[in-house]
Amino acid sequence: MRLIPKQIETLWTLFTAPVVWAAHFLVCYLGAAIYCAKPELVGLSFSAVRAGIAAATVIALSLIALSAWLAWRQWGFGTDDPPHDDPTRRDRTLFQGFATLLLSGLSFIAVIFTAMPALFLTECIR
Amino acid sequence: MGQYFSLSAASFLLASGYAGARSVLEPAGEEAQQIAVLFWVMLSGGALIWLGVVGLLLHSALFNRRRLAEKSASRIILWGGVVFPSVTLCALLAYALWLMPGLRPFAQASSAALRIEVTGRQFWWEVVYHPSQGPPVASANEIRLPVGERVELTLKSADVIHSFWIPPLGGKMDMIPGRINRLSLKATKPGVFRGPCAEYCGTSHALMAFSAVAMEPEAFRSWLAAQAIPAPSAGASGSALFLRHGCGSCHFVAGTDARGTIGPDLSHLGSRVTVGAGILPNTEDAVARFIARPELIKPGSSMPAFDMLPPGDVRAIAAWLRGLQ
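Chains P and S, in that order, are what the protein sequence lines are.
Using my numbering, read the first sequence as starting at 1 and increasing by one per residue.
Using my numbering, read the second sequence as starting at 1001 and increasing by one per residue.
By construction, these hints were calculated from the structure, which means they are not laboratory data.
Please note that the accuracy of each hint is not assured.
To be verified - Here are a few chain S residues that sit away from chain P, every Cβ distance over 12 Å (derived from the structure):
1. 1030
2. 1039
3. 1074
4. 1086
5. 1095
6. 1101
7. 1203
8. 1216
9. 1245
10. 1273
11. 1307
Stated by the list, open to error - Which residues of chain P face chain S? A partial, calculated answer using Cβ under 8 Å:
12. 7
13. 27
14. 29
15. 110
16. 116
17. 120
18. 121
19. 125
Model, not experiment: these values are computed from the prediction.
The C-beta atom is built at its ideal place from N, Cα and C for all residues, glycine as well.
Please put together the full structure from these sequences, using the hints given.
Have a look at this one:
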């Protein structure tokens, strides 16, 4: 089994990082909302919620970093400069790689912004 | 009778000023102080960035019109367009989040010596003081709080969503039917402030306000003690007219047979800064005008007009109500 997926050409890889961001967003917000609505159901302290958000954040950032590395590879490790606008297969691949890399950067920052409240909030608001 | 109806546009404009200061930028409370600092930080940060961007634009358009090499242009985009905004936004977000626990000090709220229960109604505020010792004290359309002491507010609504806000003291908090929201405030300076309803709640939403009075703790305690007992003049002659014309079926006046709970508690109306929920000065004339034609002053309010009463009776009731100190 290979650790790093081999390069495939599909539009879906473009969405990897935003999907990871969306999943992380849902995990953080739903987790905190459920805990704060029914703390007795979950039976954990708020620090456990913060630790859970921290773990989800580390996983999400790692996945996005991997997605960024794959995109960088698809972009040819920066050998060519944009715009990749020739009607060739090579330019299409490079364009998609570069777009995926930019989206990964955006998602990386978005995941950090989503997780930041957990650094400062120490209790539920009732 | 025409004197009661002489409500001009000008007096409406003036009316909004009757209940005191309302600026977020003149904080008189701990929470509002932090909000004001946050505002100035954001404003100066935004202004600096704006000046920088406009400066660069002018620089490139007027003074330095040579083309940049692709490499240095990319570098400017990377640092100025990606790294700088990300780091700046991250820092501003961290600062705002860091302020949040202090803006909503829930842990401290439950240990407050005084709890004030406020219920929003179309278009007025029902207020009940729950001091740590002694029985609850009912009032309406005015909130008094001691300077330097933390007060817990429990906020409810009897009909639609309202929002409670005393800008110089702290941030706003919604009043949602079926829910109890908590807010904690600590006034740091004495003063009279205006609290508007901050969530559209119907026809007279813009006319739903209250006065908030921050008082020295000693003065506050003697005021609260006076509010807990009937006004000395409650039994005076105007009370008979008040009861005969049916006012007591909606309004409560301590020390009389008026036991209604639909409208605001009027037990100490004369001691309030404003009447009509923060929109009119507390004068005999304003009270009489409100009694005769409330819909002119507060469209959509549940109070019926009493302009069929002899003007002398309306005036006498108004004088009696004003005397309830």
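Quick rundown of the hints versus the structure:
Under the 12 Å C-beta cut-off, the non-interface status given to residue 1030 (chain S) relative to chain P holds; the minimum distance is some 18 Å. No Cβ of chain P comes within 12 Å of the Cβ of residue 1039 (chain S); the nearest lies about 19 Å off, and the non-interface call holds. Residue 1074 (chain S), annotated as away from the interface, has a beta carbon of chain P within 12 Å; the closest lies near 8 Å. Listed as a non-interface residue, residue 1086 (chain S) fails to keep its Cβ farther than 12 Å from every Cβ of chain P; the least gap is roughly 5 Å.
Under the 12 Å C-beta cut-off, the non-interface status given to residue 1095 (chain S) relative to chain P is violated; the minimum distance is some 10 Å. The Cβ of residue 1101 (chain S) sits about 7 Å from the closest Cβ of chain P, inside the 12 Å cut-off, so the non-interface label is violated. The beta carbon of residue 1203 (chain S) sits about 32 Å from the closest Cβ of chain P, which is more than 12 Å, so the claim that it is off the interface holds. Once the 12 Å rule is applied to beta carbons, residue 1216 (chain S) is consistent with being away from chain P; the minimum gap is 31 Å.
Consistency note on residue 1245 (chain S): stated as away from chain P, and its beta-carbon is indeed over 12 Å from all of that chain's, at 45 Å minimum. Annotated as non-interface, residue 1273 (chain S) keeps its C-beta farther than 12 Å from every C-beta of chain P; the closest such distance is 32 Å. Look at residue 1307 (chain S): its CB is around 47 Å from the nearest CB on chain P, clear of 12 Å, so calling it non-interface holds up. Among the interface hints, the one on residue 7 (chain P) is violated; its C-beta lies about 25 Å from the nearest C-beta in chain S, farther than the 8 Å criterion.
The interface hint given for residue 27 (chain P) is violated, since its Cβ lies 19 Å from the closest Cβ of chain S, which is over the 8 Å cut-off. With 8 Å as the threshold, the beta carbon of residue 29 (chain P) stays out of range of chain S, its nearest partner Cβ sitting at about 15 Å, so the hint is violated. For residue 110 (chain P), the shortest C-beta to C-beta distance to chain S is roughly 10 Å, which exceeds 8 Å, and the interface hint is violated. The criterion of a C-beta within 8 Å of any C-beta in chain S is met by residue 116 (chain P), whose closest approach is roughly 6 Å, and the hint holds.
Given the 8 Å rule on beta carbons, the hint for residue 120 (chain P) holds: about 4 Å separates it from the nearest Cβ of chain S. For residue 121 (chain P), the suggested interface contact is upheld, since its CB lies about 7 Å from the closest CB of chain S, less than 8 Å. For residue 125 (chain P), the suggested interface contact is upheld, since its CB lies about 6 Å from the closest CB of chain S, less than 8 Å.
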